[in-house]
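Q: With chain F fixed as given, assemble chain W onto it according to the hints.
There are 2 protein chains.
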Amino acid sequence: YAPTRCAAAQTSTEQGVLPPCRHHEAVHDPQLVPCTCPLFSCPWEGHLEVVVSHLRQTHRINILQGAEIVFLATDMHLPAPTDWIIMHSCLGHQFLLVLRKQEKYEGHPQFFATMMLIGTPTQADNFTYRLELNRNQRRLKWEATPRSVLECVDSVISDGDCLVLNTSLAQLFSDNGSLAIGIAITTSKVHSAEDEM
Amino acid sequence: YAPTRCAAAQTSTEQGVLPPCRHHEAVHDPQLVPCTCPLFSCPWEGHLEVVVSHLRQTHRINILQGAEIVFLATDMHLPAPTDWIIMHSCLGHQFLLVLRKQEKYEGHPQFFATMMLIGTPTQADNFTYRLELNRNQRRLKWEATPRSVLECVDSVISDGDCLVLNTSLAQLFSDNGSLAIGIAITTSKVHSAEDEM
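Going down the list, the protein sequences come from chains F and W. Numbered according to the working numbering, the first sequence spans residues 1 to 197. Numbered according to the working numbering, the second sequence spans residues 1 to 197.
Chain F on its own, in the form it takes in the complex (with noise of 0.2 Å):
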């Protein structure tokens, strides 16, 4: 497994203080997704199958193949905010991890992590992500559904609804600095996207 960053994340963001979510303002072509990266002001936009390549190639963002990997964030010391990026090619499908340190309470930074799908709500209904860290005969796991990356990561975040870390369970968690996220995606069971349709 090959850790990711994005490298000039703190730079682009003031602390504490995250840019406006550009999913809510108007958007002319609703085929149009704004890039997903979500700590740099990036103007391009494209559709949906673009997405991947241009987080690739602009952003530089790693893929890693197949249904359990593992990322290895490094450096958790990074002052807030920062970002971690990957992204995750699993069941015919691209889907991002974004680790997020962050300070929702000023001098109180923590950790979220979430996964969204680089596809549209309806299909991201179909998966289940896991988030798995493990160490220090501690284990703790996170289950749900993807969100879309129609949606915004922001949001996800301030709304608490993603796996979220103290400083003291990072640590405990963490490997001389580095946090090994274990990733998992699966079918949700007996769910079928006409039904939605």
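Everything labelled a hint here was simulated from the structure, so no lab data went into it. Heads up, some of the hints might be wrong.
Claimed, not checked - Below, simulated DSS-like cross-link-like pairs (lysine-lysine); rule was C-alpha separation at most 30 Å, straight line:
#	chain 1	residue 1	chain 2	residue 2
1	W	K141	F	K104
2	F	K141	F	K104
3	W	K104	F	K104
4	F	K141	W	K141
5	F	K141	W	K104
6	W	K104	W	K141
As the list claims (entries may be wrong) - Per label pair, the in silico range of CB-to-CB distance:
#	chain 1	residue 1	chain 2	residue 2	range
7	F	N136	W	T120	55 to 63 Å
8	W	H77	F	R56	41 to 49 Å
9	F	N134	W	L91	19 to 27 Å
10	W	I63	F	N136	43 to 51 Å
11	W	S158	F	G46	29 to 37 Å
12	F	N136	W	T122	12 to 20 Å
13	W	Y105	F	L78	43 to 51 Å
14	W	P121	F	P43	52 to 60 Å
15	F	N134	W	Q137	21 to 29 Å
16	W	L91	F	R56	30 to 38 Å
17	F	L78	W	Q123	49 to 57 Å
18	W	H77	F	L91	36 to 44 Å
19	W	I63	F	E49	53 to 61 Å
20	W	L91	F	N62	40 to 48 Å
We treat Cβ as the ideally placed atom computed from N, Cα and C, and that holds for glycine.
A: Showing chain W alone in chain F's frame:
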């Protein structure tokens, strides 16, 4: 399953300030254990073998039986600090579940849940406990080795070495103001108590 909480919990401590941990003070007879009910200023002390009957009789803490139980913590909206406490009888031992609502950061209450063995630290090392929340297509699991009640529940919680929930996550997992916590105890694999003595 029967819900239980320390009914008078809020009255015993000032807002946000928990009493100092008596376990850290000098105890003349090392065989004597102070009362382990976290939020009562109880002068009782006694041997480990009679802690369970003290908790039942004096503090009216219920015991649930079985390898896997569900504890329903009601009235999650009560102001911090509040404790919800239940005993769990399993595998020939009694465990104490402590769910605490506390404001580590002023104005931002969080929930902390941990299990303590009513026994020695060496005995505690033989077990693994699992706390599980499951609702709204989300699942959160925490697994760890229980601490002994001879250690201090306050320090476990202030260290953050337990299941930690922000208010937003607690609400996502709550139903009508109540939080159902699945609890399971297992013996740790290939681990002999004799090895450590």
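Q: Run every hint past the structure and note whether it holds.
A: Tested hints:
1. W:K141 with F:K104: This hinted pair holds, its Cα atoms lying about 23 Å apart.
2. F:K141 with F:K104: Answer holds: K141 of chain F to K104 of chain F is near 22 Å, not above 30 Å.
3. W:K104 with F:K104: Holds. K104 of chain W to K104 of chain F sits at ~13 Å (cutoff 30 Å).
4. F:K141 with W:K141: 5 Å, holds
5. F:K141 with W:K104: 23 Å, holds
6. W:K104 with W:K141: 22 Å, holds
7. F:N136 with W:T120: 55 to 63 Å: Taking Cβ atoms as reference, N136 of chain F and T120 of chain W lie about 21 Å apart, which means the hint is violated.
8. W:H77 with F:R56: 41 to 49 Å: 46 Å, holds
9. F:N134 with W:L91: 19 to 27 Å: Once the Cβ atoms are compared, 23 Å apart, the range 19 to 27 Å for L91 of chain W and N134 of chain F holds.
10. W:I63 with F:N136: 43 to 51 Å: 30 Å, violated
11. W:S158 with F:G46: 29 to 37 Å: 48 Å, violated
12. F:N136 with W:T122: 12 to 20 Å: At 18 Å between Cβs, range holds.
13. W:Y105 with F:L78: 43 to 51 Å: Given about 21 Å between the Cβ atoms, the range is violated.
14. W:P121 with F:P43: 52 to 60 Å: Check passed, 58 Å falls within 52 to 60 Å.
15. F:N134 with W:Q137: 21 to 29 Å: For N134 of chain F and Q137 of chain W the Cβ distance comes to about 23 Å; the hint holds.
16. W:L91 with F:R56: 30 to 38 Å: 51 Å, violated
17. F:L78 with W:Q123: 49 to 57 Å: 41 Å, violated
18. W:H77 with F:L91: 36 to 44 Å: Given range 36 to 44 Å: holds, Cβ gap about 40 Å.
19. W:I63 with F:E49: 53 to 61 Å: 58 Å, holds
20. W:L91 with F:N62: 40 to 48 Å: 45 Å, holds
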